[in-house]
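In this note's numbering, the protein residues as written are 727 to 1697.
It should be emphasised that the hints constitute simulated quantities derived from the structure, not laboratory data. From a predicted model like this one, the values you see are computed outputs, not experimental measurements. None of the hints are false.
Pairs of lysine to any residue, SDA-like flavour, derived with a Cα cap of 20 Å: (1) K789 x R842; (2) K1350 x E1387; (3) K863 x R916.
Restraint ranges, calculated between C-beta atoms of paired labels, are given here: (4) M1012 x T1099: 47 to 57 Å; (5) A1569 x N1437: 41 to 51 Å; (6) D1307 x R1344: 23 to 33 Å; (7) M1012 x V1032: 22 to 32 Å; (8) C1559 x Q1450: 35 to 45 Å; (9) N836 x S1037: 51 to 61 Å; (10) C1595 x C1559: 24 to 34 Å; (11) N919 x C1559: 56 to 66 Å; (12) A1271 x N1076: 21 to 31 Å; (13) M1012 x L872: 32 to 42 Å; (14) R1386 x Q1450: 16 to 26 Å.
The beta-carbon is built from N, C-alpha and C at its ideal position, and this holds for glycine as well.
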Amino acid sequence: SFVKCKQSILADMRTSVDEDSIYLGCTLSRSFNPEDSDFHHSPVIKMGWLHKTPPKGTLVFQKRWVMLDAQYLRYFQNEKEVYSKRIIAILSVTEVLHVGGQKFEVVTRNRTFLFRAENNSSDTSGQSARRVSLISKQGFLEMSGLRSKLYVVICADKVFLYRNAEEHSQGVGITSIEMNLGTVKGTDKRSFNLTTFYRKFSFVAESEQQREQWLEALQACVSHSLSSNAVAQKIWSEEANQRCADCGAPQPDWASVNLCVVLCKCCAGVHRGLGQSVSKVRSLKMDEKVWTENQALCNTIQTGDVLETLSLVFCGADVNCYTGDPELPSPVSIAQHYGQTLQVEFLTHNHNTGRSNETKHTILEAALPVSHTGYLFKIASSTRAVTDILEHVDFSRRWCCLNQGTFSYYESEKSSSQSGQMKMSDVLCLVVNPQGKHGYGHSFELYHDSGRVYLFGEDSPDTVREWIKAIGKALVPPVAEDLVGWSFERVGRLRYTAGQSFHCPYLGWFSLGGSRLLLLLHREDQVDNIDLRKLQELSVEQEAAAVVLVDRGRRLRLEGDRRPDFQGWLSGIQQGLGRGDGPLDQQQLTETEVPVIVDRCISYITQHGLKSEGIYRRCGVNSKIAALLLSLRHDARRVRLSEGEHQVDNVANVLKRFLREVGEGVFNGHQASLPWLHTTSDERRERVSQYQALLHSLPPVNRATLGAVINHLYCVQCFADENQMNMHNLAIVFGPTVFQTDGTDNSAGQVVEELIQNYLDIFNVSGSAVSAEELVCEVLRRGNIPPQQGDYWSCFLVNDNQEMERPLHYQERALAIYFSLGKDCHLVVKRNCYMEAMLIYIAGMVDVSRNSMIKFSDEKGQRGKRTFCRRLCVLDGTSLRLYKQVKSTQPERECQVHALKVYYGINKRLQPPSCWGMTVVCEQAERDKQQWYLCCESKNELIEWLATFMNLQVVSFCVHCNIFYFPQLFI
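Build the full structure now, drawing on both the sequences and the hints.
Structure (structure tokens):
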């Protein structure tokens, strides 16, 4: 029982207000455990006593019970209170600062909370949770017992109380009310009660109409809290189930379980009127247990209905599922407990049956026959992961024997009766513990599919190593032997789904160690490798006990099935992602082995700061630099640098500070950097060779990082006329930074200057920059987009300010163009929607020229002095000419074809007479640049003009790998 009695709770309820919070009194019994209840949907990360100061800091520290989950930091009057005095949204926290002693500050946008721990062990931890919630209703309500109105927000399955709307925007509130135990009832024209199991909240709306709206929103909130979309999504995955069987309404959320049809809400009411004997109506969202095959199987095997058990297994029920009961952890144990012999026999025969027989493959082949014997120390098996540190006295010495796929243990070598045994085919996971974790120096754990955990240990590393090697070989099938042939931390099998189809899981073998995850998936005969540091995305589904990995465009969803070993898998994967306080090879990485922190900063400065005067020499705001670096170190992939929010100088200083503070530095330790500072040759060619040799001696991540930084500095100095940062100035700044010195010795700066000066030779960079063709191929490769027949991909130069774009010629130097772009311009790789029609037109051309009347305006039209006028436009192999009249002999405008750049689109501010326009830029001399605007009367006319321009300016087309780049040679 969570509470002693409902009456005592009601008697203890009280409401009071102080300068910091609103106290909603409601206490629980001492037997209440927040972590085991349904009171908090999000798992509690940490809770305990802390001391805090009031907002004005005029009083002494006040003792508060503090609870942290993935969404909120809450503090209560005491540990027995249900409703908090304050809640702080994790998303509103900008940083957490240690301020000396046992004190720390939680900083939000508009307020700083000062806490003090009772001892050093009461440290706090933070976790960012990014969740988009749907707010169905928000506004002010009067609440009985309070003088002022509260700002109430109904969000998903919770109701949040705030002192005012400003606190809501800041993410700092009073408390939240879980609606899964709530009921709503109107009491007066403007009044209504919200009753939970712990207390009653009385509210008064501004009008009767407002009251009805609040009641409707609260009722929907209660329904949402009691519902689950998991079953509905699974049933809707079948196309026939996406509409009501009677009326055809979309997304029906009811069903008749005996008629096997889905129904909308209205038709479900009609079916319910027919009676249970005709149609048994159940909700897809509310009656979750009806639709859970595993739960239905656990209920059926308690009876003698083997036919129903057979039906459930063929419908997808897992005969190896965990029942949730530690005493009866598997369906077989339930059937044995209830004396159902036939059910036990059926389950035993189908023990290795996967979901819909999908695991039929080498993935479940018998492992290699392995034999091994010896003494080990073990503890009594448990039903949960071993988290407590155990001592020698907790272990018992046992003679262990692994033979013919069975692991058994005895009291001693001479004992004839077994103390216990397990088949290796029933072992889900083998875990190798860190050295010294338990009483013995080395230990390992075996997780059984019954839900029990077995811990073994020994002081001898060789003994444990041999046991791990033998058990690993006996555990995995022969095709997956590579999974146990390295220094793994855990190996075992997990259910998984690939891509977007998550309703049909397969069985796979996985091996985890450090930042590597090896895997053997369904219908594959080769082990794959995932570098967790290079993951594009990782998300945890707490309610479904699953984790989603996105790697190189591939989506992999690992399911835990509520198994006790899954939390260890999840923790290991999260630790393998990389940590910001470690050396370079332990950071989150890009595909090119560059730390994400470095890549984010360089990309931002390249886009917004190359022309910023004094870049890397100017100081930013120290507090913002520290906060941004802290965010990047916590999870760099989740940080998005935006121009309005982050200043260029702050980002530049973040990059410098990271390189200066990173563990072991860019050169992998101080000793490794010494040869760089003492290259002795005076000849440039020999020094370049020495630098190349030293570069190749660095680890891959360090080498890639140094290359990225020097490449970036090389680009920065290309704009020295504007940013005033030449090679020497950059070397003064980055010499002490990358070598992590105090700057008193100028040799570090000299090395960096030489690296920038000889960048192309030292790093073997081709003098011809990346072409548009190479850029498009690389973008398609990284996006995992295979070009299809008929796809015409181009790299477009887009000018947002002028509302125009042009496709680059496939040989144009894309990087040179990119570095010269203004803030309103960027490069975009996309399909060319006009290309197919242009090719058809070109195929039928006889004479490569064109002339017709077209509407024209020039740059003067921007000042309103001219409008679009009709001109005769003549385009041939030499030039583009505009005549004022058809009979005119002298052109009004003329430009050579090779000096033209043709853009799609015309600035709307010029009010063009049609949407089928093009902007022609004519640059015949360095300072002679004109901009003409040509407007066609139809799309076909525009395509014909563009095709003629293309055919005249380019000798041949480029068709390569089914990708066509718009081949206009614009120089």
